[in-house]
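Novice: Each chain, letter by letter, is given below.
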Amino acid sequence: MSTLPLQPFLILALILFCMGLFGALTKRNTIIVLVCIELMLNAVNLNLVAFSKYGAQPDITGQVFSLFSITIAAAEVAVGMAILIAWYRNKNSVNIDEVDELKD
Amino acid sequence: MGTLSLLVFSPAIGILALLMTRNSDNNQRTHVLALLSSFIPLLLSIFVFALFQGGNQLEERVSWITFQVAERTLTLDYELAVDGFSVLLIILTTVVSLLAILSARWMVNKDLNLFFIFMLFLEIGTLGVFSAHNLILFFVFFEITLIPMFFLIGKWGGTDREEAAFRYIIYNGLGSMLLLLAIAVIFINVGNTNFSVVADFFSGGEQKRFQAGMAIALLLAFGVKLPIFPLHSWMVKVHVHAPPALVMIHAGVLLKIGAYGLIKFGVFFFPEGFEILAPVIAILGLINLLYGAFLAFRQTELRAVLAYSSISHMGLILLGVAALNEAGIQGAIFQAVSHGLISALFFLLVGILLVRTQTTHLKRLSGLARLTPLLAGYFLVAALAGLGLPGMSGFVSEFTVFLGIFKTMPVIGAIGTLGLIMTVVYFLRAILNMTFGSYRNTFGNLKDLRTEEVISATILLLCIIGIGIFPNSVALTIQQTLETILVGIGG
Amino acid sequence: MIEFVWLIPTLPLLTFILLTILRDKVNQTGSYMAICLTGMAFILSVLVFIQLIDAGTAVQEWEWITIGSIQISFGTLLNPLNGLMLILVAFISLLIHIYSLGYMERDQRMTTFFAYLSLFTAAMLGLVISPNLLQFYVFWELVGLGSFLLIGFYYYKNSAKNAAQKAFIMTRVGDMGLLIGLILLFWQTGSLQFEAIFSAITGGDVEGSMLTLIAILIFIGAIGKSGQFPLHTWLPDAMEGPTPVSALIHAATMVAAGVYLVAVMYPLYMASTTALMVVTVVGGFTAIYAASIGLVQNDIKQVLAYSTISQLGFMMLAMGTLGYTAGVFHLFTHAFFKALLFLAAGVVIHAIHTQNIKQMGGLHQRLKLTSITFAIGALAISGFPLFSGFFSKEEILSAVWADGQYGLWLVALVAAFLTSLYMFRLYFLVFHGESKQRLDQIGLVPKTMKIPMSILAVFSIFSGFFNTSWFGSYLGDWLIGDNQMLTNTHHGSSIGVMLIASIISIGGIILAYMIYVKKSFDQTSLQSSFSGTYKLLANKFFMDEFYHTSFVKGAKGVGKIFVYVERYGVGFLLAFIREMLTTLSKSGSKTQTGQTQTYAAVAFLGMVLFTAIYILKGGY
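Residue numbers (our numbering), protein chains in the order written: chain E, 98 to 201; chain W, 15 to 505; chain F, 5 to 624.
Hints were generated in silico from the structure; no laboratory data involved.
The reader is advised that the hints may include incorrect statements.
Footprint (simulated), chain F over chain W, 3 or more residues, beta carbon under 8 Å [claimed, not checked]: (1) 308 to 315; (2) 398 to 411.
Sample of chain W residues with no beta-carbon within 10 Å of chain F, all distances over it, derived [unchecked claim]: (3) R43; (4) R86; (5) K124; (6) L188; (7) F243; (8) T414; (9) L432; (10) I435; (11) L463; (12) A489; (13) L490; (14) G502.
Yeah, the Cβ is synthetic: ideal placement off N, Cα and C, and Gly gets one too.
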């Protein structure tokens with residue numbers, strides 16, 4: 098089995114994470130923000146899997162952990178979308194700048 | 015679960031029972047339920063007291079958090095233990111709580127169920143404060159007392175209840191902040207917050223400046239609770255506007271946390287620091303004593319008179335602490351217990367009076383002795399106890415405090431006796447104005463005390479007289495605590 | 005028997021507790037019970053006294069409080085002085101209890117009255133058998149409580165309220181002196197036991213100026229309790245209480261406690277000449293000061309009250325001039341005749357329901373026994389030859405003379421003259437002359453009131469013979485015994501002093517007779533020719549007004565200043581804290597924009613910052 102180095106995985110994850118972060122911080126459409134958060138999560142998952150295979154102490158735990166993370170991400174998206182839909186029904190908008198009701 | 019944990023969390027049974035009957039409108043049943051459940055901690059506290067008198071060391075320890083920072087192990091454990099001083103305050107807490115719950119039935123007119131739940135919650139906090147043997151745990155319980163107090167004042171208080179509740183929470187919050195900072199500093203230095211470990215750590219007593227700094231911090235932190243002039247304005251507000259049944263506990267027990275902390279942490283941990291600070295504390299005590307007395311003399315509202323009299327009496331505790339000798343410290347401890355009983359009795363009577371007349375304004379009350387001789391008699395006896403009549407607990411504490419302060423600072427003691435004279439003046443002025451003189455028929459047919467009220471007042475009175483006639487019952491209990499503290503002072 | 009001495013104060017205390025609990029259930033029975041128990045206490049004290057004659061002293065002690073390494077105990081002490089006081093107090097209390105049965109007959113709160121009276125008796129009996137200064141102080145305050153409760157017995161009267169309050173506060177001022185004195189004494193001698201204190205003092209363990217300070221502080225306590233100048237103004241007001249109370253507390257027993265205190269602490273005073281001088285001067289001044297006021301008062305009880313103050317001044321004067329025996333002797337005789345005078349006055353008030361002597365007169369016809377006993381009391385207090393007061397007063401005068409205080413000796417003579425003058429002015433105005441009231445309405449005086457008066461009258465005549473230069477000074481020998489700490493200064497009374505004292509006394513009586521019966525001098529012209537003096541005396545030298553403007557107003561002023569401090573000083577602090585918190589939270593809330601993305605960006609930047617620090621530092 099040819100040994101791929103660890104770096105490409107980490108670089109890919111870094112790029113993914115940065116994209117996700119940029120999107121999550123700048124986009125005004127809440128759905129895009131949610132998608133970007135998913136991107137960040139996936140970057141983390143990629144890291145977990147990569148380390149579990151090529152890390153200093155390879156272990157199956159990393160892969161199991163990533164499965165957990167995917168599941169939780171799915172649940173989170175479900176909740177997030179539900180809130181978003183409720184919000185859209187009320188305000189007829191998905192603009193994240195307008196979601197500041199908790200301020201006062 | 016050890017006996018102490020059982021004691022501390024025993025009011026939870028009552029809370030659960032009350033929560034289950036939350037929807038019932040039957041006030042009678044709620045009252046009986048609360049009463050029964052406050053008997054449990056009372057019995058347990060008597061049991062603890064008996065165990066303690068039997069020479070048992072009641073200590074509990076459960077490992078909680080341990081972490082390593084740069085080769086140092088920091089440990090936070092759940093630790094409970096009692097000594098003579100705290101066991102007395104525990105008994106005081108359970109007795110006063112029971113009596114407050116007993117008499118609250120007629121003083122509280124809305125949501126009795128929730129009122130009792132908060133009262134029991136408060137009891138957990140108070141019992142925890144007195145049985146904690148660890149600073150962090152002490153702090154946690156200390157904060158727990160703040161929350162139910164806030165709601166109890168804010169919801170069931172008198173006309174200005176919200177203002178009173180906010181003043182309470184702000185002042186005490188600031189005090190807590192200082193306390194937390196002090197505890198954090200201790201924790202960083204010692205690596206543990208167990209009382210005994212901390213006391214051992216600082217017993218070398220080399221770092222005078224550090225000790226003095228800690229002493230100032232603790233003085234300020236507990237000074238809010240005690241309260242020390244000029245940090246007292248919250249306390250007057252609470253006394254006047256909180257429901258009397260609550261003030262029984264507040265003035266009777268919660269204010270004593272200040273004295274407890276000052277003696278047990280302050281003098282015990284940082285004797286050198288307190289030695290440096292002693293003149294300042296003595297002067298603060300003197301100010302409290304005289305300022306409270308003269309203001310009590312000018313008030314026209316009975317509850318304000320009592321509030322300022324509490325400030326004045328707390329001055330005696332400060333004087334005792336400042337004396338830094340066996341008589342002074344013992345006097346301060348005596349004063350804490352004695353003032354707890356006396357102010358509980360006073361606010362019990364205030365509550366009883368309020369139910370009947372809707373007012374405690376001195377100008378509107380006169381000649382109560384005619385229709386309610388028992389109530390008037392109890393008021394007079396309470397005033398006599400408050401002004402330190404021999405044969406009652408107040409005298410023993412006043413005498414021992416002055417015995418102590420005259421040894422170290424005779425001039426301050428001599429000025430302090432002026433406060434004792436003023437105490438007579440303001441108490442007699444207030445009480446005689448109410449009970450003596452001709453009766454103005456503004457309240458119709460006043461009813462004298464009912465049996466339950468007589469029982470509550472008599473229990474408190476018997477405690478007061480008991481300590482006054484047999485002070486050794488208390489003195490011997492705190493003997494060991496006193497010796498431990500005195501070793502640090504070197505006296 | 006002597007080991008049961010603690011039972012003596014316990015019996016009346018038991019009465020108090022029982023009567024307080026059973027307040028409404030017992031009426032007449034309650035008072036009989038009180039009398040029985042007081043009677044038992046009296047019998048017990050007689051038995052104890054008989055045993056004491058052989059034993060000399062007896063001490064019992066129990067541990068009371070432990071303060072670290074300090075132990076303070078309670079107990080009982082019997083010595084000649086205590087034994088004498090014990091029997092005296094128990095005896096007079098018993099008589100007054102019996103008298104009250106008649107006097108308070110129609111009062112609804114009779115049980116309460118007897119309860120208070122028993123409380124007082126218990127405290128007073130406890131006071132006289134105290135073995136240490138702290139216990140003394142405890143009972144000292146408790147007799148004050150008894151006095152306070154009884155002065156304020158008619159609680160619905162505003163005057164009674166004020167009088168009770170005043171009595172408590174003014175004696176408290178004195179008590180603080182005593183308290184400071186006893187604490188200082190404790191730290192100087194290491195004990196509160198009388199025995200230990202005295203041996204420390206005679207051993208010279210206490211520095212001279214400290215000793216003087218302590219002695220004077222303790223004397224301030226005595227001033228307060230015994231109504232000496234300047235803390236005397238509460239005593240005349242205390243006459244608001246029922247008359248038996250005035251007789252028991254404010255004449256015979258409690259007010260004499262101050263003199264008793266000086267007697268108990270006598271070794272202390274012997275060690276300090278300055279303190280003795282203070283006692284002398286205060287006593288002498290009070291004697292003449294109060295006597296002069298008594299001359300113009302129109303309230304029968306007020307006159308008697310001022311006469312009490314004046315007589316107490318005499319006792320203090322004796323104490324200060326080393327006349328230990330003389331002082332205690334006068335205390336002993338005064339207890340009988342002053343109680344008698346008050347009881348007789350009580351009968352008069354009971355009969356005609358007024359206290360103003362201008363509205364009395366000619367009562368001799370209806371109240372024969374009362375008139376006779378009052379006359380006996382008046383003769384005794386004036387020092388008429390062969391009556392009890394004659395011997396004790398003569399002894400005081402000799403003591404003052406022997407001490408070389410000739411100025412004060414003259415003062416005492418004038419005071420004695422004034423005493424017989426005002427006493428007989430009172431007697432003649434009340435019992436002789438024309439009656440101003442309808443006398444036929446006066447009912448019979450109950451036996452319960454007559455018997456105590458007769459007994460007291462007998463004692464007023466004969467109690468002087470306990471200590472005379474003719475038959476022997478039994479009392480003096482008994483009191484001094486073989487006690488080295490007290491010097492036996494029985495002054496061989498010269499015939500000269502006796503003669504002068506008799507002349508003074510009889511002169512006063514004759515002058516009173518001339519003015520008030522014969523009307524040889526016109527009263528109104530006397531008043532107008534000395535109008536300034538009269539005004540001064542009638543207003544009691546304006547002492548009350550002085551206290552009102554100085555201390556009462558002063559305390560109110562200080563209170564007012566503190567109110568302003570509270571309002572502005574502490575209020576400012578409160579406002580400051582509040583403002584600080586609101587500003588802080590307002591500026592804090594501005595950062596809460598509600599923009600999720602801003603929050604996230606800040607969180608991310610924070611993480612970057614921490615990571616950077618971590619990398620730069622290379623680990624923790």
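Novice: Beyond 10 Å from chain F, beta-carbon-wise, is G502 of chain W?
Specialist: 14 Å, holds
Novice: Going by Cβ atoms, does L490 of chain W stay more than 10 Å from chain F at every point?
Specialist: 6 Å, violated
Novice: Hey, is L188 of chain W genuinely clear of chain F, shortest beta carbon separation above 10 Å?
Specialist: Violated: least Cβ distance 7 Å, not greater than 10 Å.
Novice: Minimum Cβ separation between L463 of chain W and chain F greater than 10 Å?
Specialist: 13 Å, holds
Novice: Can we trust that R43 of chain W is non-interface, i.e. its beta-carbon lies farther than 10 Å from all of chain F?
Specialist: Its Cβ never comes within 10 Å of chain F, the nearest being 33 Å, so this holds.
Novice: Cut-off 8 Å, C-beta pairs, minimum 3 residues; does the coverage of the stretch 308 to 315 of chain W by chain F stand?
Specialist: holds (count 4)
Novice: Once the closest CB in chain F is found, is it more than 10 Å from T414 of chain W?
Specialist: 6 Å, violated
Novice: Say whether it holds or is violated: F243 of chain W keeps its Cβ farther than 10 Å from all Cβ of chain F.
Specialist: 8 Å, violated
Novice: Is it correct that the beta-carbon of I435 of chain W has no partner in chain F closer than or equal to 10 Å?
Specialist: 6 Å, violated
Novice: Does A489 of chain W clear chain F by more than 10 Å, comparing its Cβ with all Cβ atoms of that chain?
Specialist: 5 Å, violated
Novice: Beyond 10 Å from chain F, beta-carbon-wise, is K124 of chain W?
Specialist: 29 Å, holds
Novice: Report holds or violated for chain F covering the stretch 398 to 411 of chain W, Cβ cut-off 8 Å, minimum 3 residues.
Specialist: holds (count 6)
Hint check: violations occur at hints 6, 7, 8, 9, 10, 12 and 13; the rest are consistent with the structure.
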